[in-house]
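A.B. asks: Here's the letter readout for the chains.
Protein chains: 2
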Amino acid sequence: METRTTLPIASQRALSTTAARCLNIDNINPNIKAAKYAVRGELAVKAEEYRVKLAQGDKSLPFDSVIFANIGNPQQLDQKPITFFRQVLSLLENPLLLKNKEALRTSFGYQDDVIARAEKLLAEVQSVGAYSHSQGAPLIRESVAKFIERRDGYSADPQSLFLTGGASSGVNTLLNVICNGPNAGVLVPIPQYPLYTATLSLLNATCVPYQLEEQKAWGTDLDAMRRSLQQAKAAGTDVRAVVVINPGNPTGASLSADDIKSVLDIAAEEKLVVIADEVYQTNVFVGEFTSFKKRLRELQQEVPAKYDNVELVSLHSVSKGMVGECGHRGGYFELVGFDPLVAAQVYKFISIMLCPPVIGQCLVELMVNPPKEDEPSHELYQKEYNGIREGLHKRALALYEAFQRMEGVECQEPQGSMYLFPTITLPPKAIESAAAEDRAADEFYCLRLLDATGVCVVPGSGFGQKENTFHFRTTFLAPGTDWVERIVKFHSEFMAKHN
Amino acid sequence: METRTTLPIASQRALSTTAARCLNIDNINPNIKAAKYAVRGELAVKAEEYRVKLAQGDKSLPFDSVIFANIGNPQQLDQKPITFFRQVLSLLENPLLLKNKEALRTSFGYQDDVIARAEKLLAEVQSVGAYSHSQGAPLIRESVAKFIERRDGYSADPQSLFLTGGASSGVNTLLNVICNGPNAGVLVPIPQYPLYTATLSLLNATCVPYQLEEQKAWGTDLDAMRRSLQQAKAAGTDVRAVVVINPGNPTGASLSADDIKSVLDIAAEEKLVVIADEVYQTNVFVGEFTSFKKRLRELQQEVPAKYDNVELVSLHSVSKGMVGECGHRGGYFELVGFDPLVAAQVYKFISIMLCPPVIGQCLVELMVNPPKEDEPSHELYQKEYNGIREGLHKRALALYEAFQRMEGVECQEPQGSMYLFPTITLPPKAIESAAAEDRAADEFYCLRLLDATGVCVVPGSGFGQKENTFHFRTTFLAPGTDWVERIVKFHSEFMAKHN
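Those protein sequences? They're chains A and B, same order as listed. First residue of the first sequence: 2, per the numbering used here; consecutive thereafter. First residue of the second sequence: 2, per the numbering used here; consecutive thereafter.
Accuracy of the hints is not assured; some may be wrong.
The list treats identical chains as one, so a pair stands whether inside a single copy or across any two.
As the list claims (entries may be wrong) - No more than 30 angstroms apart at the CA atoms, straight line, and that leaves these computed lysine-lysine pairs for DSS-like:
#1 K81 - K100
#2 K217 - K490
#3 K34 - K490
#4 K54 - K349
Simulated from the structure, these hints should not be mistaken for laboratory data. The structure presented is a predicted model; accordingly, all values stated were derived computationally and were not measured.
Start from the sequences, fold in the hints, and give me the full structure.
C.D. replies: Here you go:
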């Protein structure tokens, strides 16, 4: 292995002047400089500093814990992983455990379906330490295809499925392929998950925003979408795709089958690629999830001439839902209606990074193919799954009720996803104080909230919002009500101070 | 969960004309179209098709197994994972196993250091299913810093370390930051690992090739590097960085401390960022690995004025070495001498993808901090580690000897990495036959080799080679000698046919 000679440790070199280096802030890739990603921005960095201080025993802070409500990170908070998933993954990581199945059963309660699944996946991937096919292991893609078939009632082709390192990496791939220069435009909902605007910045492409309707539970306003599209086209932008996040992030809104049809109508008429971010498809409290793929197939049966050429990509992930395994970076996307030559370029692009994490791929397989009713792990799986689902709904409602008690705060009823996105009406004095610090008023509010309570949320400006409105996004993942009461108390003091 | 109504399954939609879709091969991102990545290109796709055919019982092929020698994928072939690593990972995936430590010990032979390490890592990450800090979990970065300190004798700063999803994703990050437009140039060795040229294509930046010296065991020719640099500068290219792959891929060559100094000299004089791809740092058969970081720190002590502003980034990975866990996508890079404002942009860029796979991060920790001599898992670890190392060396030598027996094949003695990169002198008739198929002669050769033997290697053109020379890259990972004899036999028939 490496040599272990202990030479004198050099002290950290002092920072030198910018001019002496090759790279400085003014000459690196300007697209990176321009990109914004508030979910892990200044507030998150500060929250992490507070966390470290508390861990080091610092008693000077006015709170005793940091609540990371800035990001949908279920297992960082209270959510326990689903036992079946993790039992299988433990066997995949150490197949030698399979040499003593009796001990697995008697000492650790591993059921036969856990063992059988691990053996099946190992037979496919050989080792989770080996590169797989760049699109993902064939058997896993077949399993995803069957899941889509069961969900939608329409077949799916494993060859059109691409496993990914979380949905984020899928979005990155797709926008890379679609955007061919500064003139390429993509319709993005506002508010949106900032992955979209950030990636468009990185690609130096044009973001064409369309406003969601807050007063209609953050529904998709098709007229607004058409207006934005026409304006962009009139300005010379080559609008190529429309992003729909359903259920919505940060809004939680669920699209009806009719709204989905309207989006597909616009896509068919205007030749837009539909990017359906469906990672919250199981986080639905109100109504029922309809996939874009299903609706498209229905419409293709009804009016093939109109819909047959619609290009749709649908994304899913192990990060959200009741799975909540975001640290594993697993996900997939399905290409529908793409030119095979374009799909081949998608393949080449992803192959440069070799393959998505194989253990994450296996987790995708477990997510889309959980224990069946007659299998021994089913009962526990179902109990855990339902428990997580009910817990999320309960916490969403508790937070929603707290917001209703707060002066100047309005929030749409929770419908799905993992977030609430309330409006805050801030007094003029607060807006002035924010301006004096060269900050947007909602950013100012969120920073003060963090400093006073340790609760980290993300200002609405990080997602986009109508001018002169202020919001913040908070997850409803954190357990207990203490942190909610911290927000309530802070808010009333903040309002009093700035009135 | 999702609805399971079984509606009639629609047949796959027929492909429509290109014109009716938004995206076609001529209007997508031209940089993707231009990128080349032969390691997973046409040959690899064909090899996979053969594999599937064989698995389906097809008896029509002239071979009974496919040997994927196109890619350094140790565990796809014979290499067994190191037990200590996988035992710890199994506990991280299912922490409930820790509830019965006695059974872990008695039924599965888990040692106390395995259990202690798992508990330590779990205390840090909470759950491998949770997002970590975007740069990687702090404790893991500290562990990497200590490893670098032990290896080099110079301190490392955890804040300057970025855990990645394999080294590939690190290279992608760095080239994204460095390249600010078509005029930005990066010196890349020829032959090289095509990740570099592919990523530069994706960024529409300029690849400035410098030739390695085949006759000097693929050594780095500093004069050639300077010449390429001056030519590129004269042509108006803003050369910003130099890539060094050490030990080399595809060449296996190891740089001496003197050669490293010469590269650092050029970097200091010309203000170039040094990108040191050191993923094969433990795959060294001849001489000893010296890291760029260590050499730089030594020179900084000797002549601070000259070297203090050198910007260096060093990459490492769990994919190669005796670890061979490429499917886990783990790695890191260390920034040395970077402007803090630039480092902050690196952070923002990676944060958009949230975090590298957490289980891969934990594997990085295990790689850099293996069982110590007085710990119970040490003996087995050392035995497995040495066994893999010796096996690799033995196979490299066997393959090298086979190449010496082959007419018109010349190969440098194996020095390191996982590859041999022989020259093949092809008869004119073979070159003509290749041209008739619109192929480079080495591509033609490799394709015929695959069709005849099931052995998949990568033509030299995929890595770059001097004009009118032909090579191929093969890993020496596959066990046994049968596949080597397949190559020998094919080669002699090929030469006879085309003479």
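A.B. asks: Run every hint past the structure and note whether it holds.
C.D. replies: Right, here's what the structure says about each hint:
1. For a Cα distance limit of 30 angstroms, the shortest separation of K81 from K100 qualifies both inside one copy, at 28 angstroms, and across copies, at 15 angstroms.
2. Taking identical chains as interchangeable, the C-alpha atoms of K217 and K490 lie at most 30 angstroms apart only when both belong to the same chain, with a minimum of 29 angstroms there against 73 angstroms between chains.
3. Taking identical chains as interchangeable, the C-alpha atoms of K34 and K490 are never at most 30 angstroms apart, the minima being 37 angstroms within one chain and 56 angstroms between chains.
4. In this assembly of identical chains, K54 and K349 lie within 30 angstroms of each other by CA distance solely across copies; the values are 23 angstroms between and 45 angstroms within a copy.
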